[in-house]
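J.: Sequence:
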Amino acid sequence: MEGFTKRYTDLPIKEIWLLDVPAGKEKQDIIAAMPQKMWNASGHNVKIHSTLDWTEALKNADFVTTQFRVEQLSTRILAQAIPASYGLLGQETKEPGEIFKALRTIPVILAIVEDMK
Numbered sequence: 176m177e178g179f180t181k182r183y184t185d186l187p188i189k190e191i192w193l194l195d196v197p198a199g200k201e202k203q204d205i206i207a208a209m210p211q212k213m214w215n216a217s218g219h220n221v222k223i224h225s226t227l228d229w230t231e232a233l234k235n236a237d238f239v240t241t242q243f244r245v246e247q248l249s250t251r252i253l254a255q256a257i258p259a260s261y262g263l264l265g266q267e268t269k270e271p272g273e274i275f276k277a278l279r280t281i282p283v284i285l286a287i288v289e290d291m292k
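Take the sequence shown: its position 78, counting from 1, is numbered 253 in our numbering, and each next residue is one higher.
Just so you know, not all the hints are guaranteed correct.
[As the list claims (entries may be wrong)] Distance condition first, Cα-Cα at most 35 Å in a straight line; then the derived DSBU-like pairs of lysine-lysine:
id, residue 1, residue 2
1, 181, 202
2, 200, 181
3, 181, 292
4, 202, 276
5, 292, 200
6, 181, 276
7, 222, 212
8, 234, 200
9, 212, 200
10, 212, 234
11, 212, 189
12, 202, 234
13, 292, 189
14, 189, 202
15, 202, 292
Keep in mind the hints are simulated off the structure, nothing from the lab.
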């Protein structure tokens with residue numbers, strides 16, 4: 176968020192939608208409050224919205240960026256443990272773990288792209 180607040184004149188955002196999964200529902204308001212405080216302190220009138228519905232988050236979007244892990248931490252543990260059991264580096268961003276992550280993530284990204292159309 177800090178990068179967006181500092182570059183507001185280049186990218187004059189009016190609202191930002193944060194999307195979470197149902198497992199994150201309990202933390203949703205807490206997580207949305209921090210960027211809203213940052214925007215309030217910046218002096219720019221930007222509204223942070225938070226939802227569990229990606230259709231709602233994507234509606235009228237001009238720009239979309241993502242940061243997520245399909246199946247949350249349980250799959251990260253497997254992405255590290257399985258390669259390591261064969262003596263290979265076990266990370267989500269390197270080697271076999273990266274392939275595991277891509278195979279989980281690509282279908283979700285494609286579904287988001289379809290909904291964006």
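J.: Hints first: check each against the structure and report whether it holds.
T.: Quick rundown of the hints versus the structure:
1. Simply put, residue 181 and residue 202 have alpha-carbon atoms about 26 Å apart, close enough for the 35 Å limit, and the pair holds.
2. Restraint check: the Cα-Cα separation between residue 200 and residue 181 comes to about 29 Å, which is no more than 35 Å; the hinted pair holds.
3. For the proposed pair residue 181 and residue 292, the alpha carbon gap of about 30 Å is at most 35 Å, so the pair holds.
4. At roughly 24 Å between alpha-carbon atoms, residue 202 and residue 276 fall within 35 Å of each other, so this suggested pair holds.
5. About 27 Å separates the Cα atoms of residue 292 and residue 200, which keeps this hinted pair within 35 Å; it holds.
6. Under the criterion of a C-alpha separation no larger than 35 Å, the hint pairing residue 181 with residue 276 is consistent with the structure, at around 32 Å.
7. Taking the CA atoms of residue 222 and residue 212, the gap is near 10 Å; set against the 35 Å cutoff, the hint holds.
8. The suggested pairing of residue 234 with residue 200 holds, with an alpha-carbon distance near 20 Å, which does not exceed 35 Å.
9. Distance restraint check for residue 212 and residue 200: the Cα-Cα separation of roughly 20 Å lies within the 35 Å cut-off, and the hinted pair is therefore satisfied.
10. About 24 Å separates the Cα atoms of residue 212 and residue 234, which keeps this hinted pair within 35 Å; it holds.
11. Restraint check for residue 212 and residue 189: satisfied, since their Cα atoms lie roughly 15 Å apart, inside the 35 Å limit.
12. The hinted pair formed by residue 202 and residue 234 meets the criterion: a straight-line CA distance of about 23 Å does not exceed 35 Å.
13. For a cut-off of 35 Å, the pair hint linking residue 292 to residue 189 stands: about 22 Å separates their Cα positions.
14. Distance check on the hinted pair: residue 189 and residue 202 sit about 24 Å apart at the alpha-carbon level, within 35 Å; holds.
15. Restraint check for residue 202 and residue 292: the C-alpha separation of about 30 Å stays at or below 35 Å, so the hint holds.
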